[in-house]
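Protein chains in written order, with the working numbering: chain A, 615 to 987; chain B, 615 to 987; chain C, 615 to 987; chain D, 615 to 987.
Derived by calculation from the structure, the hints in this document are not laboratory data. It is possible that part of the hints are untrue.
Copies of one chain are not kept apart here, so a pair can be met inside one copy or by any two copies together.
Unchecked claim - Here are the simulated lysine-lysine pairs, DSS-like style, with alpha carbons at most 25 Å apart: (1) LYS886 with LYS931; (2) LYS931 with LYS888; (3) LYS803 with LYS663; (4) LYS886 with LYS941; (5) LYS886 with LYS663; (6) LYS941 with LYS931; (7) LYS663 with LYS808.
Source: prediction; values computed, not measured.
Number of protein chains: 4
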Amino acid sequence: MSGSTFGNMFKITTWGESHGAGIGVVVDGCPAGLALGETDIQAYLDRRKPGASRYTTQRKESDSVEILSGIFEGRTTGTPISMLVRNTSQKSSDYSEIASYYRPGHADYTFDQKYGFRDYRGGGRSSGRETIGRVAAGAIAAKLLAELGIQVTAYTQAIGPIGIPDPECPLAVMDIEEARSNPTGMPDKETSLKAEAYLRQCMENLDSAGGIVACRVSNMPAGIGEPVFEKLDANLAKAILSIGAVKAFEIGDGVRVSSANGSANNDSFRMKDKEVTKATNHAGGILGGISDGSEILLRAHFKPTPSIFQRQDTVNKNGEDITVQIKGRHDPIIVPRAVVVVEAMTALTVLDMLLQNMTARVDRIRQFYSKIE
Amino acid sequence: MSGSTFGNMFKITTWGESHGAGIGVVVDGCPAGLALGETDIQAYLDRRKPGASRYTTQRKESDSVEILSGIFEGRTTGTPISMLVRNTSQKSSDYSEIASYYRPGHADYTFDQKYGFRDYRGGGRSSGRETIGRVAAGAIAAKLLAELGIQVTAYTQAIGPIGIPDPECPLAVMDIEEARSNPTGMPDKETSLKAEAYLRQCMENLDSAGGIVACRVSNMPAGIGEPVFEKLDANLAKAILSIGAVKAFEIGDGVRVSSANGSANNDSFRMKDKEVTKATNHAGGILGGISDGSEILLRAHFKPTPSIFQRQDTVNKNGEDITVQIKGRHDPIIVPRAVVVVEAMTALTVLDMLLQNMTARVDRIRQFYSKIE
Amino acid sequence: MSGSTFGNMFKITTWGESHGAGIGVVVDGCPAGLALGETDIQAYLDRRKPGASRYTTQRKESDSVEILSGIFEGRTTGTPISMLVRNTSQKSSDYSEIASYYRPGHADYTFDQKYGFRDYRGGGRSSGRETIGRVAAGAIAAKLLAELGIQVTAYTQAIGPIGIPDPECPLAVMDIEEARSNPTGMPDKETSLKAEAYLRQCMENLDSAGGIVACRVSNMPAGIGEPVFEKLDANLAKAILSIGAVKAFEIGDGVRVSSANGSANNDSFRMKDKEVTKATNHAGGILGGISDGSEILLRAHFKPTPSIFQRQDTVNKNGEDITVQIKGRHDPIIVPRAVVVVEAMTALTVLDMLLQNMTARVDRIRQFYSKIE
Amino acid sequence: MSGSTFGNMFKITTWGESHGAGIGVVVDGCPAGLALGETDIQAYLDRRKPGASRYTTQRKESDSVEILSGIFEGRTTGTPISMLVRNTSQKSSDYSEIASYYRPGHADYTFDQKYGFRDYRGGGRSSGRETIGRVAAGAIAAKLLAELGIQVTAYTQAIGPIGIPDPECPLAVMDIEEARSNPTGMPDKETSLKAEAYLRQCMENLDSAGGIVACRVSNMPAGIGEPVFEKLDANLAKAILSIGAVKAFEIGDGVRVSSANGSANNDSFRMKDKEVTKATNHAGGILGGISDGSEILLRAHFKPTPSIFQRQDTVNKNGEDITVQIKGRHDPIIVPRAVVVVEAMTALTVLDMLLQNMTARVDRIRQFYSKIE
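Please build the complete structure, drawing on both the sequences and the hints.
As structure tokens, then:
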């Protein structure tokens, strides 16, 4: 079975392993006429690059993107956009030992069970480098959404037990520039410093930390999403859970709704400037799987990096209990570099459903085609 | 866009509105040779039937299923299985008033925004009755999984703030018979009684409650799920979020991983009876999107029923702020009747990915076809 | 694997066997706001009804359609439209003998090889009755296309060696009313009478005849179809070959292009009334997989009805060579009743690709959404 | 809409334009464990390379393939196989003139209508170079089919009016080595020489020729293909019509069935060596959309190369009637280089449906998974 394709109208297919020749993505279904160049893509890729701080791996990866097709005279042509990032910094020798055993918390064992063997170098296809294709494609989706006036913004909400104050506050009052410049991705300087201290402690303990990435979609039109299996939130959940290390997804109030009462959880509708608005947004911008015109708010819970430097119990390929100590360069936390991945997957999902929604009404289809002829 | 189809190899398409002629589902891709009759389906449908207790709507709906195709001499033929449940108890008169305004927490407003108008009778397509098709199809998936030795079991973990003790304990020590017979769906009599008291209080307050449904997949083989976008947990997340009123999804430790350390979150591998096993199961049975052979554990967080009998603020179709008081018969909680829906969606997802996995290895394909010829 | 779904945006799923409870289809993705009722559907179904002439089976089948969902106050709601035609005239006793052997030219043997057994009553799922679902869905597609000014018209071009004169002439000069009223479906009375004489001869010989159905799409906008695998003609080919008994598909000049020269086969472009037009239409309205604004012309070649009353050699389920003589009521030719099926499949394909095309350009998407907000 | 992906289980996504950086394909869903290297792919690509004879363009294109992912230690890993062929010989200056007008028989006009503008260099995405991705992927499919004992063999049946004698004879008595070595692709030396003479005449006339490619699938197991919309022949028809310049598709007797009688067209079943066989093969190996175990035989009708050197009428982008004379290097016939493309698309389709068929029966699924655990 094939499982490297995401989306329906705006469809991406990623490929590549940590230590193969490169990583890439084909974007099929990008509408024609979007101004696009490699710098648009590179700006997003740079946000997930390692080496930016002491909390990310010190590997040097330039991760320069080459657009191989689908652009002519600076604009998308409507045909597939193929993008390639060559792997340059990988040394297979670092990984020879782990071929013989299964690292706890990694996909080594499950890959062997599924495929009979695995590319054990650097995690192969299940490496974090796999997200390069997602981010490159997400950059295009985000640019197209921006053309429609829609913004997607992700940031770190928590690192381990350290969370930002007032995580439900409007995006407008958050300091997103701060989030983009500090090493944690948090939109609050003080919390970020606390989180850094926590991470340093984890590193001293030869341990790692988890965290929460939040993402908002602003200026979202109402009516996007399909009412049954292709609910907007269902597709967002799949998009987010498809990112390695995510173990939980929340929309709006998320897990808190299970202990809430209806009187507190329902959002009242109110007229404001002749528009229907909601007095609160417990729903996170989605009702019945369809956007309601208010801000979409989702959260992804990332587990701690499974590669820790403490001794761990595991088994080897000969079926023997052993104890191992993982070496190499590993981020003590996944979250800061995952912020842009969450943003990319959210943008891809929202755009795809915006495109799918164009066929919802006969009157609009008639209007669309009456103008063409 | 079409959005009423779920699955790839085992594909279901549901249809029907609350107050139309009926509700149904077409199951396409069910393998040939499964013994199947209407009683297999009815047993599952009866688990979601209303009227079973004072905490579910007192509407009388027999919800009798008719199998219209795909069965011959008591076995599935490999061709589509069409199932129909006629609507019998609906009175459109009950719903005439709500045509004029948007109920808070419901999809009335978003349907109007998307489609230009809506079938306002009983929620139309966004009614809870839509899940009848899911449950009917899920009954077939569960029966087929049982043929492969796999069990899917859902139950209520919490109702409002009242949760069962030790929710992570092995399924084997839970009292699932208790869960099937009491009105809450909880596998613990004492907690169930407390939850009932809580629900009675909610009803007195003209309010409603949320809750948590947990689901386990037992005896799951390792190697199921695809490593990137079609991760087993990503598809489960989509399946579960596609159920109305679900606002969060957790696999394994779920939201707790974001505050955990790697040393605590990693599951060690250990040999046991010459099999690779895990000492713990924080991962919930899935590593890198692929089943690891241990029990799968997921959780769905349901919001409180949005139809409450308190006065609520909203707007009407003329764009005026109004106050409304919803009438009719509504469950004070969705969870007890949703247990079987979670079970159905989980079974459908797991089966679909088991079928997809059959093409993962050349050696197994060769063996498969060498036997046929 | 599931294979009973056709289309991407306008998606249909058919189900049902010849002698089961009924035949049906779910149309998912029909845009909201189309005026639609059962009479719209019945008009198409009546065109494929048997018993209309001595050249079609004398079985009495009322084939009355019931719409079960997706319509509210006379208009489509955007949610799935489920349609059901109950089987009423089937007598299983007629078919008990053929359970034991494989009819030449039928799918009996291949079904047994695929599924291990088969519903042998009346051909089961491979019966011509399977097309009821296609025609019911096609009626909706045709109505929606008509709203966009597009007409799909099929007719019989040839029956056995008897073909209409000038099959390439413009549709406008053809007598389609004649085609709709005579028993052959030919738009030419004289040829139709000759074809009837030929069919009577076939029946006297206990034999059957093949034929050609042609189909035109008029007023088609340019730009529809995708340039690589989802070419408009590729999808039409699949749609037409998916009809039982079709063994060849032609677009435009079809098989004649292989013996033609480029100078004769190329269609010159010329300006006419300030529009780009083509001086000829050898291409059949499609260039590079994309509609060019001229009439689409395709042809389907149907094999003779495999059920003939002559003695035939075959094998039985015990693996013995036998000779059989098929009984029952069978059309001596498939073509006249297949005309509406070709029309339906063409309409479904063209509509689906019209909907898919709406996302081709950024400027049009921006315009579409700027109007909504 | 995206349209550059083909297949369901064995899924390929092609990308690239004639004059962009390169052409490529991502194969997703290739089973793990297939021995594969670049030489396997290159052998197929070399069969479509230009410059091999005076009847193909004299452009020098090395078309060397690089495998970028999905292979480890000489075997497929089950993850996506990305392949890249750099464009090396393209000079954009050759094509600057055609930017201003629409070449007859080409997709220039339809691309402009669809996308608003086009990459006019060498046909852009609608160039014959687009088939490089298909052939590279088809090489993998063919190798995997060979592992299952299945061979796919295409050859030229006719060039213009010159056809091989006895085109229905068994593949075994055809001289496929001759077909692989002569410039026409015909499995008959004498006919090939006649065809070459015909092509020289066309070139003198500044004209081009069409032709027929035939393809056989040998040792095909019975039971492959789905009975309704996903018929094996329907998918083959789509695959073949998706190749540029194909205007007709035939399976088995193809267009001849429409003038045949049932008594002549039906294939009798007979026992032979305790196997069910067919006395004849008018059906081309497929009954009811499902393979019957006999050889599959299909034909593709290619139109003449639209680029001819005679003066032609057309219009320019300013909407003026003009006369043009196309320059450059163009094959006088598409067919010889298209043989391997037909073979590739057939292999891809057959393999995909073989994989899909693995889920057809409960007993086989049970057996499959009982062995795994």
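How the hints compare with the structure:
no.	hint	result
1	LYS886 with LYS931	between (64 Å within a copy, 14 Å between copies)
2	LYS931 with LYS888	between (67 Å within a copy, 12 Å between copies)
3	LYS803 with LYS663	within (21 Å within a copy, 53 Å between copies)
4	LYS886 with LYS941	neither (58 Å within a copy, 27 Å between copies)
5	LYS886 with LYS663	neither (43 Å within a copy, 41 Å between copies)
6	LYS941 with LYS931	within (19 Å within a copy, 63 Å between copies)
7	LYS663 with LYS808	within (23 Å within a copy, 52 Å between copies)
The structure fails to meet hints 4, 5 from the earlier list, while all remaining hints are met.
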